[in-house]
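Residue numbers (numbering that gives the first Met the number 0), protein chains in the order written: chain A, 0 to 197; chain B, 0 to 203.
Bear in mind the hints are in silico, worked out from the structure with no lab data behind them.
Warning: the hint list may mix true and false statements.
Said to hold, decoys possible - Distance condition first, Cα-Cα at most 25 Å in a straight line; then the derived DSS-like pairs of lysine-lysine:
no. : chain 1 : residue 1 : chain 2 : residue 2
1   : B       : Lys-12    : A       : Lys-104
2   : A       : Lys-144   : B       : Lys-79
3   : A       : Lys-51    : B       : Lys-79
4   : B       : Lys-67    : B       : Lys-57
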Amino acid sequence: MVIDENILYSVGAEIRIYKPSEYLFTEGERPNYYYQIVTGEVKLNNYNEDGKEFIQNILSAGQSCGESVLFIDRPFPMNAEALTECSVIRLHKDAFLELLNETPKLYREISSFLSQRLYYKFIMMQNISSPNPAIRLRGLMDYLKSFHHDESPYSYTIPLTRQQMANHTGLCVETAIRTIKHMERENIVKIRDRKILY
Amino acid sequence: MKTISCMNIDENKLYSSGGEIKTYKKGEMIYREGQHALYYFQIIEGKVKLNNYDDDGKEFIQNIFVGKQSFGDSLLFVDKFYPTNAVCIAPSEIIKVPKEQFLNLMKEDPDLSLEMNACLSQRLYFKAIMLQNMASLNPISRLTGFLDYLKSYHDDSCGNCFHVELTRQQIANLLGLRVETVIRALKKMEKQGNITLENRKIIY
C-alpha cells in the first residue's frame, strides 16, 4: 500500500526519523497511526515467553505497516522495529479513516494490499506447519523469489541473514545454517561469499 | 473483545448483483488450489474448510468457516491462484457472486468496502497470531494460542465455558500436529486445570 506522499501531508501527516532498533509501535499497544516507510527497513516481530524472536515480515521503502489493525478494534499483535535508520510518514488514525471516506477508490487499493499480505500468510502458514526445516526454509525462499522476474535457478540472492531466515521460520540459527549447507550439497541453492543464491 | 464474523452481506444485495445459491454435499470441493478466483462465496448454512496437502499427502487446514461467513474473497483482489482448496465438511448452501459483479458492488457501496477491509484485516490478525503460535515447536503453546483465538469469537467472557466445536483430528490438521500429540497435550492441559473435558468435548 502506498499513498501519494503529498496527499498524506495535505491531511496532516508528519515525517519521523527512527534510529536502528527503535520501535515504531509495540505489541499490545492501541493503534493510533497509519505508517508509510519512505526510506529504510522495518521488521514486524514477536517474542515468545523464552525471549525467542519470530519475524512476521520485513518491510521496506514504499510499504505501509500497521494499517490492518486500524480497521478492527484490536491492539497491535506484533512490534515494528527499525532495522536501519528509517524515515517514516505517520498519519493519525482519524485523519487516515477520514481520507478513505473522501477517496473511495483507496478502499479497493487497500483491499488488494491486505489481500496480498493475507496471501503471504497463507503460504507461510502452510510452510511453518511442517516440522521439516528444509520445507520451512524452501517455502520462505520460494515466496521471496516469486517477486523476482527471473525464474532460472540461482538467479535470486536471498536478501536475509541466516538469523533472519531462522526467525522467519521458527528455527534455531544453527538448524537454519545446517539445513542451508545441506541444500547446497543437493544443488538447491548455491552459496557465494556467504550469500545464498536460489 | 469479540471477533467479528465476516463477510455477512445482505443476501438481497447479493442476488441483485447476480448471486445464486448452490447446494453442496459433504465432502464436495468448491474450488481447488491453483485455480483462478472467479466468484465471491458466502455461506448461508453449512461448514467449509480451506486446506492444503503436503507432498506426503498430509492435510493442513488453514481455516474453517460457517454460516454468515465468506471465504476465498481475498483472492478476488489480487492476481494470484487460490493457495488452498475449499471443501464442504457438512452439507452446505452457499451464495456465489461472479467476481466482476462483486467488485462493482464494492465500488458502489463504500460502507461495504470498509467492511471488507475490516474483514481482511481481521483475517490477517488471525494469521499473524497463528503464525506466531505455529512457529513454536511446543504443542501446548500452539494449542493455547489457538484456543484463545477461537474463544475470542465467543460473546461473553465467562470463565471456563467455551465449547470447542472441532474434532481432535481437525485441531491436529489446523495446528500441523499429529492427532496423538493433540490428544496427549489436551490431557496434560486438563491436568494443569487449563481446560475441562466433558464427554470428550473440550471446554476452555
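So, going through the hints one by one against the coordinates:
1. Distance restraint check for Lys-12(B) and Lys-104(A): the Cα-Cα separation of roughly 21 Å lies within the 25 Å cut-off, and the hinted pair is therefore satisfied.
2. At most 25 Å may separate the alpha-carbon atoms for a hinted pair to count; Lys-144(A) and Lys-79(B) meet this at roughly 15 Å.
3. Between Lys-51(A) and Lys-79(B) the CA atoms are separated by roughly 33 Å; this puts the pair beyond 25 Å, and the hint is violated.
4. Under the criterion of a C-alpha separation no larger than 25 Å, the hint pairing Lys-67(B) with Lys-57(B) is inconsistent with the structure, at around 29 Å.
In the structure shown, a violation is registered for the earlier hints numbered 3 and 4, in ascending order.
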